[in-house]
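If you want the building blocks of each chain, they are given just below.
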Amino acid sequence: MIVMQLLLSFVASTLFGMIFNVPPRLLPHSGFVGMSGWAAYTFAVRSSVDSVIATFIAAFFVAFLSNAFARRYRAPATIFIVPGILPLVPGGTAFEAMRHVVMNDYNAAIPLAAKAFMISGAIAMGLIFSEVVNQLVKRRP
Amino acid sequence: MTERIDEVMEICLLAGKLMLESGGETYRVEDTMGRIAASFGVSRSHSYVTPTGIMFSVEGTNVTRFIRISERSTDLSKVALVNHISRRISSGELSLDGARKELERIQQLPLGYPLWQQTAAAAAASACFASLLGGMNHFLPSLLSGGMAFWCFEMMHRFVKIRFFAEFFAAFVAGGIVLLMESAGFVRDVGNMMIGSVMPLVPGLAITNAVRDLMAGHLIAGLSRGAEAFLTAFAIGTGIAFVLSIR
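Listed in order, the protein sequences are those of chains A and B. By the working numbering, the letter at position 123 of the first sequence is numbered 123, and the numbering carries on one by one without gaps. Take any residue in the second sequence, note its place counting from 1, add 1000, and you have its number in the working numbering.
Don't read these hints as lab results, they were simulated from the structure. Beta carbons: idealized from backbone N, C-alpha and C, even for Gly. Among the hints, erroneous ones may be present.
Just a few of them, taken from the derived set where beta-carbon distance is under 7 Å, the chain B residues facing chain A [claimed, not checked]:
id, residue
1, ASP1075
2, CYS1128
3, LEU1205
4, ALA1216
5, LEU1219
6, GLY1226
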């Protein structure tokens, strides 16, 4: 089951990389980053961490790996970050929020929308924190 | 000397234009142009880049150039190529003429993967993602709806130059196909399939660039990329909501 999840997230991230025209030789790397991000997310959620914090941890991990790859392969970090964070996007929560809006059930929609918003913010914060770490690492001689 | 400065500016602007058109972050564009100029001996250059235009000027001379970016696409491999060339220029590997030839070669390159490969990738990515969320029995139906959604997006974007409408339409198509399959009795879990199918449309690059530009202090570029991401997400959401409301 876990192997299947890892495999699916690896393939999905690699293919997302193709949609964004990542150079062919770096496609497996962006797939690996996506897989690690999803693994971090599911692992955190299964050990009953809140999904906002789980997303933050996963986004941090994705950006950290991407920066490491960017230094190693001398390519822009964006190449690895973009396919990596896509699986973390709160599609499910946003969908549920939208479904309630359509049913005119705004009271149920607002908490879900707020959650989707918080998860998006967590992705941004994860990227920011890892950039801070990246700059600290870079500065060290 | 002025002729040389003109030539250096030409190369900087070409590199900047290629990067920005292919979806590079604005801070990376400014950084690259400054580095290229410095390696060719023009140390005091200033640039101001927004997602839709580049201004570049050299201190102490009268020249300032401006170029407008009207077509933007997503081609991260071109960003990587220009980045590589800028590194080679900085290390002194490439001369002025060599750099111009290399950049012009990149400009002529066709856009990344061909459309059929991208559509196939989008279909398979949707299928994988829907299976990741809901289980393997989502694989085949999402293959169809995700692929169709991406293909409709590309086709619509060619006819109508309004990106957000193309995204709305593609999400609508994805949702519509899923609903049709539900009424035919092929699928039960509509939600996860719709999410999987619209995944290739999600503005991942815009989100990443918005955050990275804001971090680098490029407030205008960051906010406009953020607006792009938000509008895209909104368009997808509206497309899905449209389908759900006629269900």
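For each hint, the structure was consulted:
1. ASP1075: Holds - the Cβ of ASP1075/B comes within 7 Å of chain A, reaching about 4 Å at its closest.
2. CYS1128: Result: holds, 4 Å to nearest chain A Cβ.
3. LEU1205: holds, 5 Å
4. ALA1216: Where the cut-off is 7 Å and the nearest Cβ of chain A is about 9 Å from ALA1216/B, the hint is violated.
5. LEU1219: The hint is violated - LEU1219/B has no Cβ within 7 Å of chain A, the shortest such distance being about 15 Å.
6. GLY1226: violated, 9 Å
Hint compliance for this structure: hints 4, 5 and 6 are not met, and every other hint is.
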